[in-house]
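2 protein chains.
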Amino acid sequence: MAPTSTHQVLILSRHADSYRRHVEAAALPDLDIVSAADVAALPETAPRSDLVFGEPSLIAQVLPRLPAVQWIQATWAGVEPLLNPALRRDYLLTNARGVFGVLMCEYVFGYLLAHERRIVEKYASQKLNKWDTKAPGTLHGKTIGLLGVGTIGAALARTGKHFGMIVKGYTRASRDCRDVDEYFHTGEEARFAADLDYVVCIVPNTVATRRLIDREFLAALPARAVIVNPGRGSVIDHDALRAALSGGRLAAAVLDVFETEPLPADDPLWLMPNVFVTSHTAALSLPADIAPLFIDNYRRLVSGQPLKYRVDFTLEY
Amino acid sequence: MAPTSTHQVLILSRHADSYRRHVEAAALPDLDIVSAADVAALPETAPRSDLVFGEPSLIAQVLPRLPAVQWIQATWAGVEPLLNPALRRDYLLTNARGVFGVLMCEYVFGYLLAHERRIVEKYASQKLNKWDTKAPGTLHGKTIGLLGVGTIGAALARTGKHFGMIVKGYTRASRDCRDVDEYFHTGEEARFAADLDYVVCIVPNTVATRRLIDREFLAALPARAVIVNPGRGSVIDHDALRAALSGGRLAAAVLDVFETEPLPADDPLWLMPNVFVTSHTAALSLPADIAPLFIDNYRRLVSGQPLKYRVDFTLEY
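Line by line, the protein sequences are chains A and B. So in this note's numbering, spot 170 of the first sequence is number 1178, and the numbers just go up one at a time. So in this note's numbering, spot 196 of the second sequence is number 1204, and the numbers just go up one at a time.
A hint or two may mislead.
[Stated by the list, open to error] In silico lysine-lysine, DSS-like type, Cα no more than 30 Å apart, as pairs: (1) A:Lys-1135 x B:Lys-1130; (2) B:Lys-1130 x A:Lys-1138; (3) B:Lys-1169 x A:Lys-1150; (4) B:Lys-1316 x A:Lys-1169; (5) B:Lys-1169 x A:Lys-1316; (6) A:Lys-1130 x B:Lys-1130; (7) A:Lys-1150 x A:Lys-1130; (8) B:Lys-1138 x B:Lys-1169; (9) B:Lys-1138 x A:Lys-1135; (10) B:Lys-1150 x B:Lys-1130; (11) B:Lys-1138 x A:Lys-1130; (12) B:Lys-1150 x B:Lys-1169.
Honestly, the hints are just simulated from the structure, not real lab data.
Make a model of the complete structure from these sequences and hints.
Quick look at the structure:
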């Protein structure tokens, strides 16, 4: 890929038209664009693409038919479909990062404040004409635990400090976020969980994070704790979670992601009063936010700079 | 009140016991303490009190029986009962300020985020087993208008900037909060209201603020706007508000205060789907937060320094 060669990007996304408009507007040098909103509509020239920009679930289906691929930019943070061991890994994979912090903060702190201020409960009282003077709680002085401190975790830590919270972070190895008051690593799960008011799961789906929130972890949390999961469904043992919630050993759970989506209609989580199901909408990938990642990385590519947000196939993120 | 004389404070509050414990724990010099939880239980020695610390509604009832009073520290921000023209004003009045910013931020941003994230609506969908993927909104880039920029307004402005909002401020004259992007004053109400997504009323109850949010102000707001009122009920013309809400000329209202409290059972506001009644709980006066104001001001008094948060009887705040 010498700087002067012409590249061809295949845009493969449900929002292909919107992404195409954003990429065209950037007038990137030496770039041909082909696009499709679905794998069934792949253009004839697609196999010539050395670049792909799109949704991992769609790209994984056609990767064997794209022999020229050298770089894939995913529109999502999660790239699980491309980590399927049956697929090739001899290309550069970059994912979407650094753009979800704003929406994730609004999601997480929206539900944290709703819990403290009893927003749903007070609205129910109101519909019974009840002047409900029950005192609300406060985030100030409470403790939030972040399972994962990447760019999203750092944004959550900063907002936690803004609201006067104590911030604990659980990471594989990193300890470089200055808004985290105390770090914990593998083997320290029980100490991490011990005094949390809130725990937020924002780790990627990897071998190391699967079922990280299991019966033992839940038992280590105080009964007043609230779990928020806008990350990956696989991180939580949902059987153990349902048992903790119905047994009063956990105050509430705010769940955006599940191992099966949509959440099956007969799942008891739907009707538990202390569960909030948000249907994988915590931080949607908006073309206006995501297209600049491809545009910036393409400029890096043609000027010989390293690409941002590269996925390590071994670490799985 | 020479520094060496002995003072007597009358603590008059529903929470008199708690306030008394806090004040006693401070071991203030040259201070006798008497207290009562209600006006009917006023101690015999109360008339000798030169200081009073308590709730304006209770103090106003007994003020004529307290001839020695030279300083009153209110436990509330609102001192309307003491502004009754029939009562004497020949003493120093200080109110509670600087302590409500944290709770007010959590209240206001709790409801702003609940609105953007459709928290109540999504919980209702969930109870119908509906995988509701409707996209939430975001505070980022939205505009918040603060009616009043005192210590609470400054805290709200700072949190608004934290969430990437544009902050407009409406004040009598002040323009010293650096988190306010643009200031407006008397006569500029329509320009202030013109492009707001949110308007928060935190002005005191004065002649100048009564019915500030009237039919005209409401007509100047965009139909997407949400009103939040944790300040004073008198600031809003509730007839005009009900009409705007039921006519679709306003998205929602979050109301903590009313001219008659509790809100009368037959008020249509109770059952309007886009109204949130929070029953005067936005920022409760907690003894642990308020007692330090009296303690600090008492130390200032005996050391001859000016007291903090003095109320101007002419300005009414």
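Verification of the hints:
Distance hint between Lys-1135 of chain A and Lys-1130 of chain B is fulfilled; the C-alpha atoms sit about 17 Å from each other, no more than 30 Å. Between Lys-1130 of chain B and Lys-1138 of chain A the CA atoms are separated by roughly 23 Å; this keeps the pair inside 30 Å, and the hint holds. A C-alpha spacing of about 22 Å is found between Lys-1169 of chain B and Lys-1150 of chain A, which places the hinted pair at or below 30 Å, so the restraint holds. With a CA separation close to 28 Å, the supplied pair Lys-1316 of chain B and Lys-1169 of chain A stays within the 30 Å bound.
For the hint pairing Lys-1169 of chain B with Lys-1316 of chain A, the CA-to-CA distance comes to about 28 Å; that is within 30 Å, so the pair holds. Distance restraint check for Lys-1130 of chain A and Lys-1130 of chain B: the Cα-Cα separation of roughly 16 Å lies within the 30 Å cut-off, and the hinted pair is therefore satisfied. Distance hint between Lys-1150 of chain A and Lys-1130 of chain A is fulfilled; the C-alpha atoms sit about 22 Å from each other, no more than 30 Å. Simply put, Lys-1138 of chain B and Lys-1169 of chain B have alpha-carbon atoms about 35 Å apart, too far for the 30 Å limit, and the pair is violated.
Between Lys-1138 of chain B and Lys-1135 of chain A the CA atoms are separated by roughly 22 Å; this keeps the pair inside 30 Å, and the hint holds. Taking the CA atoms of Lys-1150 of chain B and Lys-1130 of chain B, the gap is near 22 Å; set against the 30 Å cutoff, the hint holds. Straight-line distance between C-alpha atoms of Lys-1138 of chain B and Lys-1130 of chain A comes to about 23 Å, which keeps the hinted pair within the 30 Å bound. This hinted pair checks out: Lys-1150 of chain B and Lys-1169 of chain B have alpha carbons roughly 10 Å apart, not beyond 30 Å.
The structure fails to meet hint 8 from the earlier list, while all remaining hints are met.
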